[in-house]
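S.K.: Each chain, written out:
2 protein chains.
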Amino acid sequence: MVNVRRERYREDTKAEAKRIALEQLAELGVAGISVNAIAKRMGVTGPALYRYFKGRDDLLNELIRDAWRDLAEAAEAAVAASAGESSPDRVRAFGEAFRTWAVTQPHRYLLLFGTPLPGYHAPEDTVLLAHRTMSALLGVLPREGGAAAGPSTLDDQLVAWAGSRGEGDVPPAVLLTAMRAFTRLHGVLSLEVSGQFGPMGIDPALLYRAEVESLILGDSEARGSTRLSGPG
Amino acid sequence: MVNVRRERYREDTKAEAKRIALEQLAELGVAGISVNAIAKRMGVTGPALYRYFKGRDDLLNELIRDAWRDLAEAAEAAVAASAGESSPDRVRAFGEAFRTWAVTQPHRYLLLFGTPLPGYHAPEDTVLLAHRTMSALLGVLPREGGAAAGPSTLDDQLVAWAGSRGEGDVPPAVLLTAMRAFTRLHGVLSLEVSGQFGPMGIDPALLYRAEVESLILGDSEARGSTRLSGPG
DNA sequence: CACTGTTGTTAGAGGTTCTAACAGAAGTTA
DNA sequence: TAACTTCTGTTAGAACCTCTAACAACAGTG
Numbered sequence: 174m175v176n177v178r179r180e181r182y183r184e185d186t187k188a189e190a191k192r193i194a195l196e197q198l199a200e201l202g203v204a205g206i207s208v209n210a211i212a213k214r215m216g217v218t219g220p221a222l223y224r225y226f227k228g229r230d231d232l233l234n235e236l237i238r239d240a241w242r243d244l245a246e247a248a249e250a251a252v253a254a255s256a257g258e259s260s261p262d263r264v265r266a267f268g269e270a271f272r273t274w275a276v277t278q279p280h281r282y283l284l285l286f287g288t289p290l291p292g293y294h295a296p297e298d299t300v301l302l303a304h305r306t307m308s309a310l311l312g313v314l315p316r317e318g319g320a321a322a323g324p325s326t327l328d329d330q331l332v333a334w335a336g337s338r339g340e341g342d343v344p345p346a347v348l349l350t351a352m353r354a355f356t357r358l359h360g361v362l363s364l365e366v367s368g369q370f371g372p373m374g375i376d377p378a379l380l381y382r383a384e385v386e387s388l389i390l391g392d393s394e395a396r397g398s399t400r401l402s403g404p405g
Numbered sequence: 174m175v176n177v178r179r180e181r182y183r184e185d186t187k188a189e190a191k192r193i194a195l196e197q198l199a200e201l202g203v204a205g206i207s208v209n210a211i212a213k214r215m216g217v218t219g220p221a222l223y224r225y226f227k228g229r230d231d232l233l234n235e236l237i238r239d240a241w242r243d244l245a246e247a248a249e250a251a252v253a254a255s256a257g258e259s260s261p262d263r264v265r266a267f268g269e270a271f272r273t274w275a276v277t278q279p280h281r282y283l284l285l286f287g288t289p290l291p292g293y294h295a296p297e298d299t300v301l302l303a304h305r306t307m308s309a310l311l312g313v314l315p316r317e318g319g320a321a322a323g324p325s326t327l328d329d330q331l332v333a334w335a336g337s338r339g340e341g342d343v344p345p346a347v348l349l350t351a352m353r354a355f356t357r358l359h360g361v362l363s364l365e366v367s368g369q370f371g372p373m374g375i376d377p378a379l380l381y382r383a384e385v386e387s388l389i390l391g392d393s394e395a396r397g398s399t400r401l402s403g404p405g
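In the order they appear, the protein sequences are chains A and B. According to the numbering used here, the first sequence is numbered sequentially starting from 174. According to the numbering used here, the second sequence is numbered sequentially starting from 174.
In short, the hints are calculated from the structure, not lab data. Any given hint could turn out to be false.
Stated by the list, open to error - Per label pair, the in silico range of CB-to-CB distance:
1. A/223 / B/200: 21 to 29 Å
2. B/181 / A/337: 32 to 40 Å
3. B/218 / A/371: 55 to 63 Å
4. B/228 / A/342: 51 to 59 Å
5. B/246 / A/188: 48 to 56 Å
6. B/180 / A/298: 50 to 58 Å
7. B/180 / A/188: 52 to 60 Å
What the hints assert, rightly or not - Restricting the straight-line Cα-Cα distance to at most 25 Å, the calculated cross-link-like pairs of lysine to any residue (SDA-like) are:
8. B/227 / B/297
9. B/213 / A/204
10. B/191 / A/205
11. A/191 / A/219
12. A/213 / A/229
13. A/191 / A/213
14. B/227 / A/201
15. A/191 / B/205
16. B/191 / A/219
17. A/213 / B/291
18. A/187 / A/295
19. B/227 / A/229
20. B/213 / B/239
21. A/191 / B/227
22. B/227 / A/200
23. A/187 / A/315
24. A/227 / A/294
25. A/213 / B/204
26. B/191 / A/243
27. B/227 / B/276
28. B/191 / B/234
29. B/227 / A/204
30. A/191 / A/177
31. A/191 / B/292
32. A/191 / A/201
33. B/213 / A/291
34. B/191 / B/176
35. A/227 / B/227
Quick caveat, the model's predicted, so the values are computed rather than measured. Cβ coordinates follow ideal geometry from the N, Cα and C atoms, glycine included.
Work the whole structure out from these sequences, hints included.
M.R.: Below is the structure:
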């Protein structure tokens with residue numbers, strides 16, 4: 174029998190350290206996460222925490238992995254909750270869940286999508302967790318014809334990527350749509366959580382929803398305002 | 174006569190410090206920028222540099238301002254060089270310039286669009302420099318009808334923002350197009366420079382160009398693949 | 001009871017930002 | 001030229017940081 178008691182204590186200690194680290198992250202960003210300060214707040218000396226994390230980077234990597242898992246669960250929950258609804262409504266549900274997750278904890282969103290840690294390379298399990306969010310999005314997109322979607326090179330890359338992730342049956346057109354949906358939503362969210370809209374006095378939620386609708390409508394409203402090349 | 178000689182020496186010293194800071198930024202990110210290390214590399218002791226920068230944050234703020242100016246100049250150059258061409262071609266030119274600037278110095282792009290420095294609030298002159306890039310984009314978009322573009326609230330905010338920046342004559346439809354163009358391009362670039370496409374094996378340049386074309390075509394190709402709501 | 005592994009401690013090396021007090025050089029003015 | 005002011009550099013030091021090493025105390029096991 175492996176000492177389950179020690180194991181549990183160890184998990185609790187790590188969890189509390191990460192909880193405090195998230196508070197520091199919210200307050201002063203990644204640079205504000207200090208192993209020493211966490212230890213002090215837990216009532217132990219600095220080096221004690223090095224029994225639980227190989228180093229500061231190890232702690233940060235765990236925070237990143239936790240965040241990816243958390244985001245994936247939020248996306249999957251929204252997708253599951255919208256089961257049976259129309260594809261547009263499910264895309265809206267995904268979009269709302271994605272944005273809510275981001276704006277309620279912008280520091281965690283930035284941990285995933287902001288400036289990467291120097292030298293960071295996502296380990297395989299983290300890549301897998303990150304893919305789950307994309308997979309949730311793929312689940313609510315309609316499966317359309319298998320015609321070529323974009324440049325053949327891009328199509329090939331998309332198919333290869335999906336195949337390596339166990340989604341080999343998704344046609345490239347849908348993969349491309351998912352990818353573009355993701356980059357568009359992220360484009361708004363990224364600028365929002367990094368405060369770029371602040372000085373402009375623009376409500377990013379409206380812009381975000383406009384982008385969601387544009388994806389759903391296939392940008393048909395573009396004929397009215399977004400289209401750059403006129404009829405003449 | 175104000176001491177022009179000292180002034181020049183002072184500017185040169187600051188410029189060299191910032192040059193080294195950019196090298197550190199490229200190598201180890203913002204966290205790798207050290208006033209002490211810069212001073213050592215310049216052959217002086219650490220505190221000497223505090224005669225030139227109030228503190229580390231002051232140095233970082235200057236790097237940010239420089240980057241915004243540099244980006245604006247790149248965008249303006251592309252727009253100027255494409256004078257006389259069609260609007261779609263000018264949008265392409267802007268898009269290419271924007272992307273080239275970003276991918277040739279990803280650390281600087283991340284300095285502007287990545288995780289913001291904790292507590293950072295852009296001073297007015299920096300906001301102005303940031304706006305110049307957006308202004309360049311506005312310059313290559315076709316001026317279309319003044320019909321309502323998005324939700325009236327958003328339209329109002331866009332008009333108010335443009336008005337405060339001396340672009341009161343740009344109709345909201347064009348402002349909205351510019352804003353959406355910017356978020357879409359940034360969406361791809363952001364994920365590219367933060368390395369998110371790496372594990373996917375996807376070439377972001379192709380995705381980026383697809384987004385540029387989608388803006389130009391008013392997403393008419395959406396009927397083929399991107400549209401989510403089918404005809405039936 | 002003895003042994004092993006885990007968890008905590010203190011000490012310390014080497015790094016950081018930044019302030020204070022001081023020395024000397026450069027520029028200005030009488 | 002001499003005196004004065006300003007600027008630029010120095011060293012010393014406080015207060016933080018990460019992380020390693022050596023040691024003590026504890027928990028669990030044969």
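S.K.: Taking the earlier hints as the rules, which of them does this structure contradict?
M.R.: Those not satisfied are hints 2, 3, 16, 19, 21, 23, 26, 27, 35.
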